[in-house]
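4 protein chains.
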Amino acid sequence: MTTIAILGATGYTALELIKILLRHPNAEITALTSREDKRNIGLVHPALSGRLDLSLENLSAKEIANRAECVFSCLPHTASAKIVPELLHYGTNVIDLSADYRLDSVEVFETWYAEKHPDPKRLGNVPYGLPELFRDQIIGTNLIANPGCYPTSAILPLTPLIKTNLIEPEEIIIDSKSGVSGAGRTLKLSSLYAECNENIAPYGLGTHRHTPEIEQIITTASGKITKIIFTPHLTPMNRGILSTIYAKPLQQIVKNDTQNELLETLRHFYRDEPFVKIVEHLPSTKDVSGTNFVHITVRVVGNRIIIVSAIDNLIKGASGAAVQNFNLMFRYPETTALI
Amino acid sequence: MTTIAILGATGYTALELIKILLRHPNAEITALTSREDKRNIGLVHPALSGRLDLSLENLSAKEIANRAECVFSCLPHTASAKIVPELLHYGTNVIDLSADYRLDSVEVFETWYAEKHPDPKRLGNVPYGLPELFRDQIIGTNLIANPGCYPTSAILPLTPLIKTNLIEPEEIIIDSKSGVSGAGRTLKLSSLYAECNENIAPYGLGTHRHTPEIEQIITTASGKITKIIFTPHLTPMNRGILSTIYAKPLQQIVKNDTQNELLETLRHFYRDEPFVKIVEHLPSTKDVSGTNFVHITVRVVGNRIIIVSAIDNLIKGASGAAVQNFNLMFRYPETTALI
Amino acid sequence: MTTIAILGATGYTALELIKILLRHPNAEITALTSREDKRNIGLVHPALSGRLDLSLENLSAKEIANRAECVFSCLPHTASAKIVPELLHYGTNVIDLSADYRLDSVEVFETWYAEKHPDPKRLGNVPYGLPELFRDQIIGTNLIANPGCYPTSAILPLTPLIKTNLIEPEEIIIDSKSGVSGAGRTLKLSSLYAECNENIAPYGLGTHRHTPEIEQIITTASGKITKIIFTPHLTPMNRGILSTIYAKPLQQIVKNDTQNELLETLRHFYRDEPFVKIVEHLPSTKDVSGTNFVHITVRVVGNRIIIVSAIDNLIKGASGAAVQNFNLMFRYPETTALI
Amino acid sequence: MTTIAILGATGYTALELIKILLRHPNAEITALTSREDKRNIGLVHPALSGRLDLSLENLSAKEIANRAECVFSCLPHTASAKIVPELLHYGTNVIDLSADYRLDSVEVFETWYAEKHPDPKRLGNVPYGLPELFRDQIIGTNLIANPGCYPTSAILPLTPLIKTNLIEPEEIIIDSKSGVSGAGRTLKLSSLYAECNENIAPYGLGTHRHTPEIEQIITTASGKITKIIFTPHLTPMNRGILSTIYAKPLQQIVKNDTQNELLETLRHFYRDEPFVKIVEHLPSTKDVSGTNFVHITVRVVGNRIIIVSAIDNLIKGASGAAVQNFNLMFRYPETTALI
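Protein chains in written order, with this note's numbering: chain A, 26 to 364; chain B, 26 to 364; chain C, 26 to 364; chain D, 26 to 364.
Simulated from the structure, these hints should not be mistaken for laboratory data. Incorrect hints may have been included.
All copies of an identical chain are treated as equivalent in the list; a pair is satisfied when it fits inside any one copy or across any two copies.
[What the hints assert, rightly or not] Straight line, CA to CA, 35 Å or less: simulated DSBU-like cross-link-like pairs of lysine-lysine:
no.: 1; residue 1: K280; residue 2: K63
no.: 2; residue 1: K249; residue 2: K273
no.: 3; residue 1: K280; residue 2: K141
no.: 4; residue 1: K252; residue 2: K188
no.: 5; residue 1: K213; residue 2: K63
no.: 6; residue 1: K280; residue 2: K213
no.: 7; residue 1: K146; residue 2: K280
no.: 8; residue 1: K252; residue 2: K280
no.: 9; residue 1: K188; residue 2: K280
no.: 10; residue 1: K188; residue 2: K273
no.: 11; residue 1: K141; residue 2: K213
no.: 12; residue 1: K107; residue 2: K249
no.: 13; residue 1: K252; residue 2: K273
Taking the hints into account, I'd like the entire structure generated from these sequences.
Written out as structure tokens, the structure is:
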């Protein structure tokens with residue numbers, strides 16, 4: 026049994042995290058934090074009524090460390106990196122769902138997030154929590170940077186095809202469609218029901234902060250500095266990310282052969298992965314909704330390769346991945362509580 | 026041509042009003058107000074991009090009256106009644122979409138709205154803007170209390186059946202389901218997409234402010250003080266109100282005969298009304314969406330009468346009714362811009 | 026480990042059932058049937074891609090019994106009762122998700138379903154699978170009639186209040202709102218996206234087949250033949266049932282006292298039930314979505330009692346309840362795979 | 026006044042067409058056809074209850090021509106071209122909403138539609154009904170090929186930029202997102218509410234029949250045979266198409282300057298068009314929902330040009346465009362019934 030604290034427990038990722046952990050035979054939630062809210066968690070998230078009798082508390086790093094062997098931080102960026110060093114100092118393990126430890130470069134962080142990084146010296150030494158790519162680094166660490174939702178949907182299908190030189194890393198366009206829960210539980214006009222429903226719209230063209238995160242991992246895979254085009258869209262649904270990715274082949278296309286080679290490469294790469302499903306059909310977000318699975322397929326169309334991936338942004342894109350990392354960190358079977 | 030000002034133009038009812046008035050051959054919008062927002066209306070409501078080149082202004086009653094022969098007030102309750110007396114003083118006509126002039130009794134207003142009424146002496150002398158019931162009072166007035174959305178959906182089907190003694194006024198239960206635009210464009214947790222989507226829930230049981238408004242008109246129709254049970258529900262759609270109304274018959278039920286008599290009574294009552302459709306099938310909100318129509322039917326089930334009505338909460342429940350009232354007030358054909 | 030066959034595996038309840046059973050440590054799915062479809066289940070339900078490698082088969086009762094100790098029947102009504110007798114003859118246990126064994130009276134069945142019952146002699150001897158009310162009968166049986174979705178949402182809150190003489194059984198009105206998955210995966214105009222979205226509408230007024238099912242259990246609770254008014258509505262969401270129930274008190278109302286007594290009665294009645302949560306706030310379907318929980322509250326409004334309950338129609342209203350029954354039948358902990 | 030027949034009046038485009046024509050002061054609907062359905066149109070489309078008292082009829086071309094000066098054909102492809110020659114023979118004008126007369130080449134038609142064309146000799150001589158590009162050809166013709174919904178959303182923003190050599194025609198990727206009404210009112214599994222809701226998915230990769238239609242017009246604009254990549258997605262909303270279009274610049278990018286030049290080029294090209302709005306903000310489908318407007322913007326991101334356009338697929342993408350064409354054909358003001 027591992028004791029667990031969740032920081033910033035009022036949002037949607039925290040709710041999903043708690044639901045998953047309530048099914049986990051080896052996890053015990055012992056603390057939930059919020060700076061201002063003191064209510065019982067069942068009032069903050071009525072879905073938890075009668076299921077978890079804990080109230081939100083404003084706790085110091087020391088108090089948290091006294092209660093929990095593992096901390097999941099659902100704090101906003103920079104707030105997370107302000108408390109993480111102290112938590113690690115007191116011996117707690119941390120899985121950080123914020124963006125604070127995902128980028129290797131302080132400069133890139135400060136450019137895209139327009140804030141000073143509170144813990145710059147750790148950047149570059151924190152495993153990026155995609156077990157399918159970085160499992161070895163995750164096992165045995167005490168701090169994990171849980172990946173962003175869009176990056177997960179793009180990196181998983183792209184990495185094998187870049188590593189095997191099947192696609193040109195320089196010409197990648199990622200057109201992503203996300204459910205509204207990705208915008209969080211903050212009050213803003215663009216998150217109102219009557220603004221989002223019966224509506225699809227792009228946002229953050231050229232400025233979305235998940236861009237450098239994708240570029241960093243793609244750069245690692247390709248071995249050369251790579252820029253991508255990434256266009257997120259707000260889609261009228263609660264959950265799910267669909268990424269439609271346009272790439273150019275590095276070899277001449279022979280339609281069916283190329284398509285089969287691409288699919289076979291993905292299947293081989295992920296042959297032992299419990300959560301990655303390379304499928305023949307075109308993925309749909311509903312098919313992975315509420316699960317930690319990723320569905321991926323590839324098509325050759327004209328002179329392009331089109332890759333399609335689907336995840337649940339709150340599960341494989343956030344809290345499910347966090348529990349998968351937790352399982353690795355604490356040597357529990359990797360799929361515990363996630364099937 | 027009538028010049029028009031819209032007060033409180035940043036919300037959803039104002040947007041619908043502007044869209045309808047842009048189709049109106051005899052209406053010219055000359056002023057839009059907001060206390061704080063100064064932007065061009067096309068930035069506030071991108072749906073109006075390039076369609077209406079006016080900026081929001083913070084105008085005094087006198088300035089408004091100088092620009093407009095008719096004012097539509099989309100201000101919140103009490104804010105409206107603070108400016109209306111002055112507008113009338115300067116000779117402008119007013120159609121008030123707030124609740125301020127709907128109730129006849131200051132005491133009832135102050136009990137349900139928990140605020141002092143800024144213009145109590147007018148209460149009881151302002152026509153309730155349901156043309157189907159109060160057309161004579163509307164023509165020739167200079168101030169109209171535009172009805173609430175739920176009341177419209179309940180009063181229109183109930184009034185003829187109460188007036189003809191076909192149903193017992195004392196035993197009425199109104200179970201209403203509204204789209205989320207009814208909650209306005211204000212930032213609140215309960216209006217967030219991820220809170221409303223894939224969700225239906227009741228709210229305001231026994232406390233919704235449309236209750237006394239319905240009771241007032243029903244009391245008028247029945248001739249005796251009448252209390253009703255009214256339960257609104259927030260439904261995952263932008264627009265529409267469906268009211269399912271349970272009543273007891275005053276006469277013995279003979280199933281098909283009673284049902285036919287009820288339908289016939291409604292058809293006769295509304296035979297000349299362009300916007301009221303008594304239908305055989307069960308109404309659906311989508312069938313009246315974007316229109317000023319009301320669909321109504323009746324069924325006899327067991328020992329009960331079940332009445333079902335559907336409106337678009339933003340049109341017949343607000344801005345469409347307001348333009349219908351405007352047409353009557355200014356002697357334009359009643360359906361202008363509304364078909 | 027118990028081997029399991031699912032009959033009629035192409036629909037939504039079967040999909041939910043499979044997802045739950047894949048999490049169940051003591052269940053092994055060994056057969057999936059369909060009369061015409063022979064595809065791998067991952068093609069029928071892409072959500073199961075790579076998770077269950079079984080193809081649909083057209084199997085005889087004997088073949089099914091050879092493969093499975095427990096059969097979940099997701100067949101349509103009358104199709105189920107045609108095969109169940111033979112399955113029982115071969116020694117298999119059956120949990121029937123159809124309506125075939127829910128009603129005690131052949132006459133009532135044939136009146137409401139307008140078909141001859143294929144297995145009339147068993148009616149009246151099959152436990153109604155609501156463990157919260159009939160657990161003793163469920164343990165030790167070999168055939169369970171899994172309850173309808175609407176009845177579950179109405180019976181659970183009503184039974185304790187009727188049994189304790191707090192409400193008048195004769196004056197009950199149940200206004201229910203269901204997600205569209207309740208209409209099944211059959212092709213019909215009224216289930217099309219563009220017909221259901223942005224729309225709420227009642228259906229089946231006075232004719233819905235869950236009416237006699239509710240009346241039967243309420244009659245048992247009240248000890249006298251009871252008729253209810255039941256109005257279902259199709260709501261634009263995939264999942265969830267919200268029932269708003271209007272009842273008259275049998276004792277004089279003292280507002281807060283009565284409300285507390287009602288809540289306390291429910292809390293006491295369900296104090297040991299893992300899936301029933303008596304809540305203070307007004308229930309929302311989203312809070313029980315994807316779970317086997319029921320949320321219930323009560324309010325006193327005017328001279329009425331208003332009870333509100335929320336369930337997930339596919340889980341507590343169908344497949345979750347079926348697994349709960351399975352757990353009882355095979356003496357596994359009742360909450361296995363359901364938290 | 027022009028008399029009008031609508032062929033194939035049971036679907037969604039016909040419903041929208043009727044709604045628009047009921048507002049048109051110069052149009053009188055005199056016939057509605059269906060091969061099998063004989064019901065009153067108010068039963069087929071309850072939204073028309075009490076608004077249009079016509080029944081569906083199975084009429085010959087001659088009978089139609091006797092009743093109507095203008096025919097709108099909402100028939101499926103090939104069905105339309107089977108009756109159009111005869112209608113023209115009898116002197117009726119035709120606006121064809123099917124795909125039958127959009128492509129200039131019989132060979133291309135038969136390749137993509139996999140059927141013989143019933144009226145091949147007319148292909149190449151029928152104006153493509155985008156008034157913004159082909160107004161001169163539309164005025165004075167007796168047959169118009171009303172454009173496809175996706176092509177409208179792509180061609181309008183692309184044509185000016187290709188004609189002015191600002192973008193490379195060879196490298197265009199069109200990632201489009203459509204509401205479900207685009208799939209029509211036909212019964213198919215993929216159009217069911219519970220399949221579409223809370224789901225986004227691509228379909229028809231490399232095979233969608235709007236591809237050659239877009240390529241034909243782009244080829245005309247660029248002056249050389251052009252292939253494009255077009256990926257449609259089914260989005261959980263009733264209406265709307267958003268197209269996110271990726272193109273390469275033909276000149277070196279100077280970020281702000283290039284973006285301004287692109288916007289300015291579009292503004293200039295469409296300066297007199299009442300329905301095309303070049304906007305600064307990122308377009309949203311909700312802002313054009315229920316209207317005949319197109320919202321377009323452009324962004325420079327990295328080394329790419331990203332163009333975003335939004336239309337209502339049923340209005341500017343079908344029935345609104347058809348009425349716009351009707352207005353031109355019969356010399357009514359072009360915006361009649363469309364504001």
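Results for each hint:
1. K280 / K63: between (60 Å within a copy, 30 Å between copies)
2. K249 / K273: For K249 and K273, the Cα distance is within 35 Å both inside one copy (16 Å) and across copies (22 Å).
3. K280 / K141: Answer is between; shortest inter-copy Cα gap is 27 Å, intra-copy 49 Å.
4. K252 / K188: both (16 Å within a copy, 29 Å between copies)
5. K213 / K63: both (23 Å within a copy, 19 Å between copies)
6. K280 / K213: Classified as between; 30 Å across copies, 46 Å inside a copy.
7. K146 / K280: between (48 Å within a copy, 34 Å between copies)
8. K252 / K280: both (27 Å within a copy, 16 Å between copies)
9. K188 / K280: Both ways: K188 and K280 sit 21 Å apart in one copy and 32 Å across, limit 35 Å.
10. K188 / K273: both (14 Å within a copy, 26 Å between copies)
11. K141 / K213: Both ways: K141 and K213 sit 25 Å apart in one copy and 31 Å across, limit 35 Å.
12. K107 / K249: Result: close within a single copy only, 32 Å intra versus 58 Å inter.
13. K252 / K273: Both: 14 Å inside a copy, 15 Å across copies.
No hint from the list above goes unmet by this structure.
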